[in-house]
Structures are given as C-alpha cells and as structure tokens.
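For the record, the sequence lines run as chains A and B.
1 is the number of the first residue of the first sequence in full-length UniProt numbering; add one for each residue after it.
1 is the number of the first residue of the second sequence in full-length UniProt numbering; add one for each residue after it.
It is worth saying that the hints were derived from the structure and are not from the lab.
Accuracy of the hints is not assured; some may be wrong.
What the hints assert, rightly or not - Label pairs and their computed distance ranges (CB to CB):
(1) K75/A to L44/B: 21 to 29 Å
(2) D219/B to N23/A: 56 to 64 Å
(3) L44/B to N191/A: 45 to 53 Å
(4) S221/B to E235/A: 54 to 62 Å
(5) Y146/B to T58/A: 48 to 56 Å
(6) A62/B to N191/A: 45 to 53 Å
(7) Y216/B to K122/A: 34 to 42 Å
For glycine and all other residues, C-beta sits at the position ideal for the given N, C-alpha and C.
What follows is the residue order along each chain.
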Amino acid sequence: MIEFKQVSKTFATASGQVDAVKNVDLTINAGEVYGIVGFSGAGKSTLVRMLNGLETPTSGEVIINGKRIDNLKGKELRDQRKKIGIIFQHFNLLWSRTVLENIEFPLELIGVAKEERHKKAKHLADLVGLGERINAYPSQLSGGQKQRVGIARALATDPDILISDEATSALDPQTTDEVLDLLDEINEKLNLTIVIITHEMHVIRRLADKVAVMENGQVIEEGPVSEVFTHPKEELTKRFVSAEVDTKQTTDVKQVVANLLEKNPQGKLVELKFHGQQVERPVINELSKNFPELEISILEGSIHQLADKGTIGSLFVQLVGPVEQIKEALTLLEKLEVEAKVIEHG
Amino acid sequence: MDSQGLASYFEFKNVNWPDLWAATWETVWMTVVSVAIVAILGLLLGLLLYETSDSKSFAVRALNWIVALFVNVFRSIPFIILIVLLLPVTQVIVGAITGAKAAIPSLVISAAPFYARLVELAFHEVDGGVIEAADAMGATKWQIVYKVLIPESLPALVSGITVTAISLIGYTAMAGAIGAGGLGQLAYTDGFQSYNNAITLAATAVIVVIVFVFQYLGDFSVRKIDKR
Numbered sequence: 001m002i003e004f005k006q007v008s009k010t011f012a013t014a015s016g017q018v019d020a021v022k023n024v025d026l027t028i029n030a031g032e033v034y035g036i037v038g039f040s041g042a043g044k045s046t047l048v049r050m051l052n053g054l055e056t057p058t059s060g061e062v063i064i065n066g067k068r069i070d071n072l073k074g075k076e077l078r079d080q081r082k083k084i085g086i087i088f089q090h091f092n093l094l095w096s097r098t099v100l101e102n103i104e105f106p107l108e109l110i111g112v113a114k115e116e117r118h119k120k121a122k123h124l125a126d127l128v129g130l131g132e133r134i135n136a137y138p139s140q141l142s143g144g145q146k147q148r149v150g151i152a153r154a155l156a157t158d159p160d161i162l163i164s165d166e167a168t169s170a171l172d173p174q175t176t177d178e179v180l181d182l183l184d185e186i187n188e189k190l191n192l193t194i195v196i197i198t199h200e201m202h203v204i205r206r207l208a209d210k211v212a213v214m215e216n217g218q219v220i221e222e223g224p225v226s227e228v229f230t231h232p233k234e235e236l237t238k239r240f241v242s243a244e245v246d247t248k249q250t251t252d253v254k255q256v257v258a259n260l261l262e263k264n265p266q267g268k269l270v271e272l273k274f275h276g277q278q279v280e281r282p283v284i285n286e287l288s289k290n291f292p293e294l295e296i297s298i299l300e301g302s303i304h305q306l307a308d309k310g311t312i313g314s315l316f317v318q319l320v321g322p323v324e325q326i327k328e329a330l331t332l333l334e335k336l337e338v339e340a341k342v343i344e345h346g
Numbered sequence: 001m002d003s004q005g006l007a008s009y010f011e012f013k014n015v016n017w018p019d020l021w022a023a024t025w026e027t028v029w030m031t032v033v034s035v036a037i038v039a040i041l042g043l044l045l046g047l048l049l050y051e052t053s054d055s056k057s058f059a060v061r062a063l064n065w066i067v068a069l070f071v072n073v074f075r076s077i078p079f080i081i082l083i084v085l086l087l088p089v090t091q092v093i094v095g096a097i098t099g100a101k102a103a104i105p106s107l108v109i110s111a112a113p114f115y116a117r118l119v120e121l122a123f124h125e126v127d128g129g130v131i132e133a134a135d136a137m138g139a140t141k142w143q144i145v146y147k148v149l150i151p152e153s154l155p156a157l158v159s160g161i162t163v164t165a166i167s168l169i170g171y172t173a174m175a176g177a178i179g180a181g182g183l184g185q186l187a188y189t190d191g192f193q194s195y196n197n198a199i200t201l202a203a204t205a206v207i208v209v210i211v212f213v214f215q216y217l218g219d220f221s222v223r224k225i226d227k228r
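Looking at chain A on its own, in the form it has when it is part of the complex (with noise of 0.2 Å):
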C-alpha cells in the first residue's frame, strides 16, 4: 500500500549538500506495522515526512494506495494528509486546549459538526484511556497521558496509516511500555498500518513486524523482524540487535563463564540460539535423556518475545563428560534446528 521508489532527498545546508535520503525502495503493505530504525540523522524522519508531504523528495516517487502523492498540492495535498494521523516525540499538543478540544481538533479542521466532534472524541479518549481526563488541558497531564491524547489526536480522522515518529522517545521505559502496548491495541482493534521511526530496537521487538535499518540515507537492510533479529546481516543491525538481545551478557557474566571455563577445562561451554519454534522444545530434557552420563549446567540464559509472536532466546550450557558423548549431543542439537556455538577456552 505504501511504496517508495528509488527516493532521494537533497538538503542544500550553507556548508554544501546534504544527502538526507539516498535511493531508498521500500514497500509497506497494509495492516503492516513497519519499523524504521537508525541514529538521528539517518534520514529516518525525513523519509516517513514524505508520507504527508511534510518533506518532499528531490527525486523518486511516493505511492499510497496506487496514488502518487509526492507531487500533491494544494486541496489535494490537505485531503491526502487527513488520511495519515501522526503522533510525535514532544506530542505537539495545543496548550490553549482541552484533551477533548484537542482530540476535536482534526475533525474541526474538516468540519465535523459538534455534536458529532463531541462524541467521537469522547470515545477516543476511552480508547486510550482518558475517559476521565477530558477537560484537563495537557499541562496538567504526565508525558504518557500526553502522548495518549496525540494518539487518540490521530486517529479522529479514521486514518489508514498512524505514522510514529519517535513517539515514546521522550518518555520513561514504564510509560514506554504503556504506549506500546496501546499502539498494538490499536492495531489489533483497528487494523492500521502502523510507521515507526525510532532509534530504540526495544520498540521494534515489541511492535513491529518488519523492519528497515537506515544509515547514512540508505536502506541498509530490511526483513521481517524475527529474520533480522536472528540472522543480522549489518554490522549496524548486529550492534542495534545484540544491544536489545544481549543486555544481560554483562561483564559480571563474563566472568561467571570464564570461572566455570577454569574450574572445568574438562567440559565445554557451549551457546544455543534459539528462534521461533525451538524456543518451546525441551531441549536440555532431549540431551539429559539421550546422554546420561553427560552432567549439563546452565549458566545464563534470556528470552525475547517478538511482535509477531515469534521468540528468540539464547542459552549457555556446560557439558561435562565423555568427549564423544559431547560430540554426539551437538550432533543432536544439529538435528533439532538449535545453533549450537562451542566457546573454547582461553
């Protein structure tokens, strides 16, 4: 439904030009939560910008719904922006207004008559939770609240894409979650296709089903979430998903391994990944049972759950025993799709 082809953006800066976008072709499809992640300054934001023509590109095209919108003016450019609801890291709200009056705000612009603002912004703020808080003005609301109200703000006009950009940046990782949870809901409920720029591989995780890492302008590379979790091509891709996986592959675990290494020099450590199915097999249960006489400690461990439900997770055991029953075990760990990585010692 979404489509970018061969998009490029040239910002002429007083010290040359800038390639903010560089060639980018990518497809979202409908009811897709799509994740574009990358630093600031990747060209993330100025690429999704390009949906409602907040930026426009210097050269390539942008198709929403078979319509090339890149090129829209005028009446047409304002209709096409009624279709995409935007919610933003510093929320943007009107101080001067309600959290009703502020829902109400797009569908005054399309003139919506009153009694029926009133009730749809009513049941928006329901839907996010605000029920309560209608004739609080923003100041009096906490950052999370406030990035309710941009939501329920963006969905007023029955939108078919809610684009996000860095929109739980500026929050705390509680309040985080809270928003996630909420934008899931919604998808669920709504069937929107969902844009997410961020630099938090968090929010990806938790949200999306595809993703696209961005550096430098470019695309560098893009998957469905679970493909690009487990089998990362990029270097930058692997620093964004071992930084989420990982966070717990601590110095202080380090350590532990490398003092059951000394303790055993006998055994082997060896680091299972896990993804998707695997996850639920009992695979230590298999090994236990298939080789007796091997003693199988397990040393750290951590699983992550993905959006689209799949899992990943990762596993450090020691085997302690006969050398070929330890051979034989990682044969059989082969054969049950586990990646089975020896750490050798030293």
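Assemble chain B onto chain A, guided by the hints.
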C-alpha cells in the same frame, strides 16, 4: 491667582468636578477607541510581518521589508511630533484638528506599528511543532492562523495590548495638550496655565486610576486564559 506653595495642591474648591468627569470620559473614550482600532490593525500588520518573514520568494521578502520599514519609521517618531506632522491628514480623515475624535488617527498610527511588532514576536513564540502538527493534519493557512497561532499566543497578545493601551493613555494626555480634550488638556490648560495645582493633581490621580484599571484587566485576562 495664588499658585505658590505645596498647599495649593489641596485647594480642591478650585476643581470643577463636572469638568473633571467630562475630561475623564474623553480620555477613556480616546483610549478605548484607539486601542480597539490598534488591536485589529496591529494584529493584521503583525500577521503580515510574521507570514512574510523567512520566505524564499523575492516578492514576499520585499513586502516584508516595506512593512518593516513602515513599522520602524512610525515607531521612531516621537508622538508629540507625529501628531503635529499628521495635522493635515487628520483634517482630511476626521474633518477637524481639535477634539477627541481628531486625536484618533495619530494615536492609531503611532501605536499600531508598536503592537504589530509585539504580535509578530508573539506568533514566533508559538511552538513550531504544534504548527507542524496542524499542517500534517491538513489545516489550511487560515485555519492555522485562527485555530493555532492566535489561541496559542493569546496571553502574549493580551499582555501586548495591555502595554500598548497604557502607553496610549500617556499619548492621549499629550494629544490633550494640543487640543484633543481629556485629562491631558484639563491638566495643561485648567491646571498648569491657570496656576491651579489642585486640578493637575486631580487629573493625575484619575489617570493613575485609569492606568491601574487597564493593567488589572490585562493581568486578570492573561491569568484566566493561560493554561500552560
């Protein structure tokens, strides 16, 4: 006529109270009418300055330059000179060069550019993110002006018009000295020129009260509308 000595301030028997009352109303009338016109004119001029700033189009930049020049020139002319300078213009517009009505053109022309600058500043203070949000929701330029710019800068617009109103009260007194009527004229002719210090003191007291009332109304409104 005995005019010397501090005691002269308190010879209130010399004050013609109906005259003072009439002069008070003239001053209030001149102030209210000129503030109303200045508010509208200043808002339009300020909007024009705001909308034409930072444009890439040469024509728009030229317009901004002309408006800014007009504003700066009329803001720099001392009021007492401006009023004399504008006498022929006043004659054409009002048909007279004395009386409260004749003071209005000079009052407006001196204060509107000043208020226009305050309006422009107030609009520039509005959070750019909010304007972008309205833009992204498909708002027209005009909708952005009356649904975002004006409501979001209203406290600054109101405190700006309060400051302008108070300086206009001062200007009406100056206009009064050359025949516009009001408390300025009363203090100048019946007070100063007739060595009647009690009249000058009474006129001063009333002007101070008028200023306080305007200041209070302005502050009260700002507190009422500012929900930040």
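Determine which of the earlier numbered hints do not hold for this structure and return their numbers in increasing order.
-> Of the numbered hints given earlier, the structure breaks just one, which is hint 5.
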